[in-house]
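Student: Listed here are the chains, written in short residue letters.
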Amino acid sequence: MIKEQKIALINAGKYNPESIAEYLKLGGYQNIEKALQKNPADIIELMIEAKLRGRGGAGFPTGLKEKFTNEAVCERCVQKYLVCNADEGEPGTFKDRIIMEQDPHVLIEGLIIAAFAIGATKGYIYVRGEYTKSIHMLRVALQQAKEKGFLGKNILNSGFDFELEIKLGAGSYLCGEELTLLESLEGKRGYPRIKPPFPAEKGLFGKPTLINNVETFTHLPYIIEHGAEHYKSMGTEKSPGTKIFTISGDVNKPGYYETIMGVTLRSLINDLAGGIKGHKKFKAALLGGAAGTFVDETVLDTPMGFDSLKEKGAVLGSGAIIVMSEERSVFDMAYSILAFFKHESCGKCVPCRVGTAQLMILMDKAKENSSKKSQILDHLLYEADYMAKNSLCPLGQSPILPIKSLKQYFQHQF
Amino acid sequence: MDKSALISDFEPAKDNMLNILHRLQNKNPNNYLTTEDLKFVAEYLNTTYSSVYGVAEYYSMFSLKPRGKNIIRLCKSPVCNMISGKSLIEVIENVLDIKMGGTTSDMLFTLEPSECLGHCALAPVMMINDKMFTNLTEDKIKEILEKIRNNNPTQ
Ligand SMILES: Cc1cc2nc3c(=O)[nH]c(=O)nc-3n(C[C@H](O)[C@H](O)[C@H](O)COP(=O)(O)O)c2cc1C
Ligand code: SF4
Ligand code: FES
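Residue numbers (the working numbering), protein chains in the order written: chain B, 1 to 414; chain A, 1001 to 1155.
With a straight-line Cα cutoff of 30 Å, these simulated DSSO-like cross-link-like pairs (lysine-lysine) come out:
| # | chain 1 | residue 1 | chain 2 | residue 2 |
| --- | --- | --- | --- | --- |
| 1 | B | 133 | A | 1140 |
| 2 | A | 1027 | A | 1147 |
| 3 | A | 1069 | A | 1003 |
| 4 | A | 1099 | B | 367 |
Over the 12 Å line for every Cβ pair with chain A, so calculated as not near, a few chain B residues:
| # | residue |
| --- | --- |
| 5 | 1 |
| 6 | 19 |
| 7 | 42 |
| 8 | 61 |
| 9 | 160 |
| 10 | 234 |
| 11 | 264 |
| 12 | 281 |
| 13 | 350 |
| 14 | 357 |
| 15 | 408 |
| 16 | 414 |
These aren't lab readings, by the way, just hints derived from the structure by calculation.
Here a beta-carbon is modelled for each residue, glycine too, at the ideal position from N, C-alpha and C.
I would like the entire structure built from these sequences, with the hints used as guidance.
Tutor: In structure tokens:
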């Protein structure tokens, strides 16, 4: 039996998120005091030592990202920015929403620590426009943190200044991609930028910028408090710490569950999500959302970590787990996610604009004539592979992920 | 209404574009951005009308056409789709006698599709304005829409 273990959600549900007084009673903002007494470079070393990896999907080492941003310019006087990616839009994912709605202060703490570490004096939380409750909670929390002197000039007499602002998205999945997010933040259409340069070098308004996911930031206060060794004692060697898994679909208790990295899909489904609904059999899970991968029962006992899943041709992604029982059709699910990509393609480059439409044409053909379904998979693969090689941004490079996994695990059940 | 007063808490900086457009749209009883709004924003941010138009047109939450008082955003993303089947779109279309994307003639409702609204554990879901409605069924939808109708008697 696995149990929940909490870092990001350690205080969620334990206090009224509209009351900083209650948060302070729980020991809130003490890690800010601790962090501000440290040398910024030591904080970055601590995050590298803890092997903290980004929770936004790609699992990039957070400490290294901080280091690159910090070293992008030698003088500390050059403006640097901190950006929190709260544009959560990957289907099946709702972990950042839970953090923002239930514990906005831990996020603010994490942001202050990261800003201090890289020397950013200005930060933005870019939050999804549809997340009205998250926006409300962040606004209240930000105001209260300002009043208490945790934000603004000379925070806790440390000489460090940090302003934090909320920016709203307006309904574009693509704007969750970091470079597109920066474009949107600058008040432009959400068209992606070419990488490199990376945000660490040339980010918001052309200045060095650190951008991380909401969940990633919430791990910083915990690591400051407990140290790298303790953090690494949780999870796996390559993916330490905890992760919030959002489990939906055919389970008895769909919801969000935070536990250590490296637990198995089987235990997540059975021990935490109450097993498959209606005593049915497990057929498939879509891991990581639309830009994710399908897996079958042979992956049920693989540790859920960035690298262990990769070995199986799967991804952890955002931590979304969409469970499908024996009664569901993987074809129908594939149809929905390819429709999603078509809808969200920005149309700027041809391979993706035409490619996402082409994938749907193939799917519609197969829908009409089900004897074609198994042949269509190779066509889809060919098309998605072309897109992956020629598209301008990661969105066009994404459909290959689910399609390849269908070929690997569901060729005969498609 | 005085537009300048409405957005006076935003500095005239281009990075406030989306926040300003949201504010103006929210204050419009028909939930949309008028040509005057866009011109006003262009002037306020010292940029061109076409660049403001381009932004407003790009993002799905903004509308350049009048919409109903209540914006229904029905999630059509994978989880909601799987749990509900496609039928919920039809339910709403039939109750309101409009097509997806349309607005009722009394300007009370606009029906829009939405991608995952982050409430997949409670699928299927929809939002009406700022409020989430979860675990939807045909009956539940009818009840919700009926209630809104009754609270808005036609003049
Ligand atoms: C199409 C697309 C959408 C994305 N959406 C999100 C998102 O909603 N939230 C997020 O944190 N990262 C998202 N990402 C990943 C970001 O580009 C980036 O990797 C992430 O913000 C880095 O943060 P991390 O290092 O803390 O994981 C998306 C990427 C792509 C390609
Ligand atoms: S890959 Fe798709 S989303 Fe990315 S720039 Fe090209 S068209 Fe736009
Ligand atoms: S798929 Fe509908 S809320 Fe996530």
